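Chains as they are written, first to last, in the numbering used here: chain A, 19 to 367; chain B, 19 to 367.
Hints are computed from structural coordinates only; laboratory data are not their basis.
One or more of the hints may lead you astray.
Given that identical chains are not distinguished, each listed pair holds provided it fits within a single copy or across any two copies.
In silico BS3-like links for lysine-lysine, alpha-carbon gap of 25 Å or less [said to hold, decoys possible]: (1) Lys56 to Lys248; (2) Lys142 to Lys186; (3) Lys328 to Lys132; (4) Lys132 to Lys56; (5) Lys186 to Lys256; (6) Lys328 to Lys142; (7) Lys256 to Lys328; (8) Lys295 to Lys142; (9) Lys132 to Lys205; (10) Lys202 to Lys56; (11) Lys328 to Lys202.
Quick caveat: nothing in here was measured; it's all calculated off a predicted structure.
2 protein chains.
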Amino acid sequence: MALEFDLIESYFLPLSEGFASVDVGIGDDGAVLNVPEKHQLVVVTDTLVEGVHFPVETLAYDIAWKALAVNLSDLAAMGAEPACYSLALTLPNYDAIWLQKFSEGLRDLSTQFKIPLVGGDTTKGPLTITVTAQGWVPNQQAVLRSGAQEGNLVCVTNTLGEGALGLKLALAPEKERVLPFLSKQEKVRALNALNRPVPQLAISTDLRGLASSAIDVSDGLLADLAHMLKQSSRALLKQDGGGRNSNASSATVLGAEIELTQLPLSSGVLRYIEQTKDWALPLSGGDDYQLCLTVSPKNMTQLMARLNSKGVSLSVIGKVVATHPGITCLNQGVVHNIGGGEKGYSHFQ
Amino acid sequence: MALEFDLIESYFLPLSEGFASVDVGIGDDGAVLNVPEKHQLVVVTDTLVEGVHFPVETLAYDIAWKALAVNLSDLAAMGAEPACYSLALTLPNYDAIWLQKFSEGLRDLSTQFKIPLVGGDTTKGPLTITVTAQGWVPNQQAVLRSGAQEGNLVCVTNTLGEGALGLKLALAPEKERVLPFLSKQEKVRALNALNRPVPQLAISTDLRGLASSAIDVSDGLLADLAHMLKQSSRALLKQDGGGRNSNASSATVLGAEIELTQLPLSSGVLRYIEQTKDWALPLSGGDDYQLCLTVSPKNMTQLMARLNSKGVSLSVIGKVVATHPGITCLNQGVVHNIGGGEKGYSHFQ
């Protein structure tokens, strides 16, 4: 893009300046960052495409915020502290006002978590944003998806379903009239959760040594918990010698039981479920960017205290089991088949 | 993209396996990499868009190769050793054969330089590839664009103009008949330079302490050398106290003189210039992925010996001057105005 250098100088250069960890910022072939001693590098990357990952009408500010937030959310789920990020921005055309707002979205979130922009590329095409973020964890202290154990408690931070509720509102042709049982405040809260999710970076370091596994809930609780159970089962099979012993294999395939009445829900989502019986919203709606954790019962008190001290609530919603694979949803202890669809959700795998 | 997980497992997972430096590879929220002691992190990123950065007919293998190569070329220009890379791939549709070939292109180049793929994202849309690569340099030993000094020699590795010649061939409607004065071998060589550029990573560590500045020639020698002179001038102005003294400022704005007869050219490019008088090809054609260096005369012998021992030639093509800004092209010592255009190229800024 011919305007690349002007673009970078005007809007993005200020986002790379004033950080002690950045030895060389934007403007060279690459950026050079100082490395904290005895740490490992964590690398995450995520792409957002207009019309796929966010509605076409989304504000430039919110697009930028979300593109960075979803990556910082991945760093948080690893127990990492953020180091820096780079941006590949594909734009359909040059729009100075749009770019100004976009850079403000990046600025506000990156300032909050003190993370410099260290490079980028701009190209012409349908609006697409790829962020790659780097972080640091002390050696061997990353929190992985693969550490869940039988008997661990399944927990989530804050509330679920808020972003998915926001998406329903954002996509409604007549925003004023949709979901009339929600208060104006509940609608604002849901749209805010959709457009400006807050990555749980404030508590990422608190997870180390206490959570046995973690994942950020982007695709929906059931899908993401299933990823975690799959990786943890694989890890257990590996420990058991590659699963060559068929009895050992079947014994180490992990599942989970989730109690729906324990799901942490905002008043808006609760009201939505009361009205629609649509449990798929908090279970599979996605766009939560909360953390789903597995925690040994002995660590729960300490972890909860740490998180609460930072204003983050942690709810126990179920447990990891080794009796059957997949996720069983219970409603007051009774197996609950959620929604229609081919598979339903009583048993999600 | 619904097929994301299948895609990743089939084609990309093998590219992340078998590297000692990778503690956690693809499959978690992020990858975890071991960090060599007393090193800094180098981050580079580049996006290729079909029809903009490579012709529409380009083979999947070559697209993958080039997308990775242009990033490794940036790492080489920093004097870095490669650590890992991540991939954001936007695809118009699912094509198993195309993906197979694409992954082979990545595999062959990444195997050559022992660099693991550590993450990625696949989305649906016009073919676009963003690679972000990470590398390591010993503390404070990165080779920057900003270190050029008056009296330094301007050098380039291997030959220039080969990729641009390849592009002329690739874009010609009747490939057989275009540029009939080139031999078949010369055409093959040019197309190969365009489609499978070899990043100069083999010599990246040799630059440390000997080259005062470096840039990889992607936009063309004149444009990239101008970037380097601009950054180096800024650095000098900063040293002189922010350029508050106007005499000091004007004295520290660097330019360069380039002697065209010293440009290292292959037989094909040489023949092309003889026939067309089009010096813009090696000067501004781009797609070279050679390194342009500035070197103090006292370091030349040692640097040349190091590079030659690895089969890389280094040609002195001019010098850095402080008498006038911009780049002056000379032909046997006489100022040479190259090509038409509004600006010409006798004085490129």
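Now the hints, each set against the structure:
1. Lys56 to Lys248: neither (30 Å within a copy, 37 Å between copies)
2. Lys142 to Lys186: Between copies only: 22 Å across, 30 Å inside.
3. Lys328 to Lys132: Answer is within: at 18 Å inside a copy they meet the 25 Å cutoff, but 42 Å across does not.
4. Lys132 to Lys56: Answer is both: 21 Å inside a copy and 23 Å across each meet the 25 Å cutoff.
5. Lys186 to Lys256: Classified as neither; 42 Å inside a copy, 53 Å across copies.
6. Lys328 to Lys142: neither (42 Å within a copy, 39 Å between copies)
7. Lys256 to Lys328: Neither. Shortest intra-copy (37 Å) and inter-copy (42 Å) distances fail the 25 Å Cα cut-off.
8. Lys295 to Lys142: neither (44 Å within a copy, 33 Å between copies)
9. Lys132 to Lys205: Neither, since 30 Å and 51 Å both go past 25 Å.
10. Lys202 to Lys56: neither (49 Å within a copy, 54 Å between copies)
11. Lys328 to Lys202: neither (28 Å within a copy, 69 Å between copies)
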